[in-house]
Amino acid sequence: MRLFTKIFLAGVLVLGLAFSASGYFLLHYSLESSLAREADFALKQYQYDKFTVQSAMLTDTAIWISLGLDDELAEDETFTYTIREKPKPQKKSMEGMSAEEDKEEQSGTEGIWARAYQSMDLFAALALELSVPAAFYAEDHTLLYSNIQDLDPAFLDNLTENAHIWQYCKNGAGGSILVGSIVWQEGVAAVRDEADAGDTSSGGCPVYFVTQWDISKTLQQQDTLRQYFLRCYLIVMAAGMALLILLSAFLTGPLNRMSRAARRIAAGDYGERLPAGGRDEIGGLADSFNQMAGAVEGKIDELARAAREKEDFVANFAHELKTPLTSIIGYADTIYQKELSREETRKASWH
Numbered sequence: 174m175r176l177f178t179k180i181f182l183a184g185v186l187v188l189g190l191a192f193s194a195s196g197y198f199l200l201h202y203s204l205e206s207s208l209a210r211e212a213d214f215a216l217k218q219y220q221y222d223k224f225t226v227q228s229a230m231l232t233d234t235a236i237w238i239s240l241g242l243d244d245e246l247a248e249d250e251t252f253t254y255t256i257r258e259k260p261k262p263q264k265k266s267m268e269g270m271s272a273e274e275d276k277e278e279q280s281g282t283e284g285i286w287a288r289a290y291q292s293m294d295l296f297a298a299l300a301l302e303l304s305v306p307a308a309f310y311a312e313d314h315t316l317l318y319s320n321i322q323d324l325d326p327a328f329l330d331n332l333t334e335n336a337h338i339w340q341y342c343k344n345g346a347g348g349s350i351l352v353g354s355i356v357w358q359e360g361v362a363a364v365r366d367e368a369d370a371g372d373t374s375s376g377g378c379p380v381y382f383v384t385q386w387d388i389s390k391t392l393q394q395q396d397t398l399r400q401y402f403l404r405c406y407l408i409v410m411a412a413g414m415a416l417l418i419l420l421s422a423f424l425t426g427p428l429n430r431m432s433r434a435a436r437r438i439a440a441g442d443y444g445e446r447l448p449a450g451g452r453d454e455i456g457g458l459a460d461s462f463n464q465m466a467g468a469v470e471g472k473i474d475e476l477a478r479a480a481r482e483k484e485d486f487v488a489n490f491a492h493e494l495k496t497p498l499t500s501i502i503g504y505a506d507t508i509y510q511k512e513l514s515r516e517e518t519r520k521a522s523w524h
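Heads up, the sequence shown is in the numbering used here, so the first residue is 174 and it goes up one at a time.
Because the hints were derived from the structure by calculation, they are not lab data. Remember, it's a predicted structure, so these values are computed and weren't measured experimentally. Backbone N, C-alpha and C fix where the C-beta goes; we use that ideal spot for every residue, glycine too. There may be inaccurate statements among the hints.
[Stated by the list, open to error] Taking lysine to any residue pairs in the SDA-like style, the calculated list, with each CA pair at most 25 Å apart, reads: (1) Lys343 / Leu317; (2) Lys217 / Asp323; (3) Lys343 / Gln395; (4) Lys343 / Thr397; (5) Lys217 / Phe198; (6) Lys483 / Phe462; (7) Lys343 / Lys390; (8) Lys343 / Thr496; (9) Lys179 / Ala422; (10) Lys223 / His201; (11) Lys343 / His314; (12) Lys217 / Asn344; (13) Lys390 / His201; (14) Lys179 / His201; (15) Lys390 / Phe462; (16) Lys217 / Leu295; (17) Lys390 / Lys483; (18) Lys217 / Arg404; (19) Lys343 / Thr391; (20) Lys343 / Phe423; (21) Lys483 / Asp323; (22) Lys390 / Ala411; (23) Lys179 / Phe462; (24) Lys217 / Ile338; (25) Lys390 / Leu317; (26) Lys495 / Glu475.
[Claimed, not checked] What follows is a set of in silico ranges between Cβ atoms, one per label pair, in the way DEER data are often shown: (27) Leu428 / Arg404: 33 to 43 Å; (28) Asp442 / Phe198: 29 to 39 Å; (29) Thr232 / Leu199: 19 to 29 Å; (30) Glu312 / Gly189: 55 to 65 Å; (31) Ala412 / Leu458: 56 to 66 Å; (32) Ala449 / Thr499: 55 to 65 Å.
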C-alpha cells in the first residue's frame, strides 16, 4: 500500500472516530440535560397539581368509603372498598319510608355494601382542572379515574406519601414522565354496615395520584439535533477527506521527487539535486539527499580521475616500451632471416 493511501485512510479513520465520539457524548449529554430539565418541570407541575387536588378534596363534598366485609373473615379482617360520593341527605326520614323502600335502601352489591352510591364526578372534575393528564387509584390499585394512556399499574407500587416518584415512559407518541405519590382524603367515612353508618374514621383514605408530563417535543428536538449532527458529520467528513488528500499529496510530493531524482542519479546524472526545502523534516531530508548526491558525485569524479591517470600511465608506459621493442624486434628479425657473420650477429644482438 502506498504511503499516500496509508496517510489518507489513517486520517479518515481518526477524524471519523473523533467526530463520532464527540457527537455521541454531546448528544447524550444534551438528552440527559433535557430529560433532567423536563423532570424538574414535571415535579414542579406535580407539586402545584397536588396542592390543587388536596385543596379541592378539602373543599368539595365529603367522600364516603363503603367497606365490604365478608362474614367469614378472620380477626385480621381485610376490607375492600370503593370511593363513593356522599349521598345528599333525604328530606324523608327513615320512619317515613315504606317497607319496600326500606328494603331497597338496605340492599346493595352482594348485600354487603352500606350504600350503593358510585360516582367518579369528583375525580373527573379534578382531572379537568389540571393542565396535564391525571389518574386516581384506590389503595388496592383499583382505577377510580384516568385520562393517561397505557399507565402500568406496577408504577403504583413505588409510590409513597412523603416523596414524589417519577419515571420515564416511552409510548407511541414519543415519551412522557409519570409523577406520582399518595394523597390522603381527610374526613372519610369508613362504613362497615348500615348500623355503623354514623361511625366515621378520621384518619382519611389514601388515594394514588399520578400525572403525566409530555416530553414529545423534547424528544423531537433531540431527533432534529441528531439529524443536524448527521448532516454536519457528512459535511465535515467530506471536507476532511479533501483536506487529507491535499495533506497527503503535500507530504508525499517531496518523497516522490526524491525517488525520481534517485533514479536519475542511478542512471548516471550525478548532478541531479532537489530544490531547497524548508526547516521541517522534509526539508532536512532534502538537504541530506543533496549532500549524499554531492558526496556520490565527488566519489565518482575521484574514481574517474584515478581511472584516467591509470590509463595515462599505461599509455605512457606502452609508448616508452614501443621504441626499444621495435628495435629489438627488427634486429631479431634480421638475425633470424639473414645469414650473418659472427661479428655482425654480435653487433645486432648488442643493439
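- Query: Between Ala412 and Leu458, does the C-beta distance stay in 56 to 66 Å?
  - Reply: About 30 Å separates the Cβ atoms of Ala412 and Leu458, which means 56 to 66 Å is violated.
- Item | Pair hint outcome, Lys223 versus His201 [Cα-Cα no greater than 25 Å] | It is violated: about 32 Å lies between the C-alpha atoms, which goes past 25 Å.
- Query: Is the Cα-Cα distance between Lys390 and Ala411 25 Å or less?
  - Reply: violated (32 Å)
- Query: Does Glu475 lie within 25 Å of Lys495 when you go C-alpha to C-alpha?
  - Reply: violated (30 Å)
- Task: Determine whether the Cβ-Cβ distance between Asp442 and Phe198 falls within the hinted range of 29 to 39 Å.
- Result: Cβ of Asp442 to Cβ of Phe198: about 57 Å, so the range 29 to 39 Å is violated.
- Message: Please verify whether Lys179 and Phe462 have alpha carbons no more than 25 Å apart.
- Response: Given pair Lys179, Phe462 holds - Cα atoms ~24 Å apart, limit 25 Å.
- Task: Given the hint that Lys217 pairs with Ile338, test it: the Cα-Cα distance must not exceed 25 Å.
- Result: holds (12 Å)
- Query: Under the criterion that the straight-line Cα-Cα distance not exceed 25 Å, is the pair Lys217, Leu295 satisfied?
  - Reply: holds (23 Å)
- Message: Verify the CB-CB distance for Ala449 and Thr499 against the hinted window 55 to 65 Å.
- Response: holds (60 Å)
- Task: Verify the proposed pairing of Lys217 with Arg404, using a straight-line Cα cut of 25 Å.
- Result: violated (36 Å)
- Message: With the threshold set at 25 Å, check whether the alpha-carbon distance from Lys390 to Phe462 stays at or below it.
- Response: violated (65 Å)
- Message: Would the hint linking Lys483 and Asp323 be met if the CA-CA limit is 25 Å?
- Response: violated (106 Å)
Of the numbered hints listed earlier, those contradicted by the structure are 5, 6, 8, 10, 14, 15, 17, 18, 20, 21, 22, 25, 26, 28, 29, 31.
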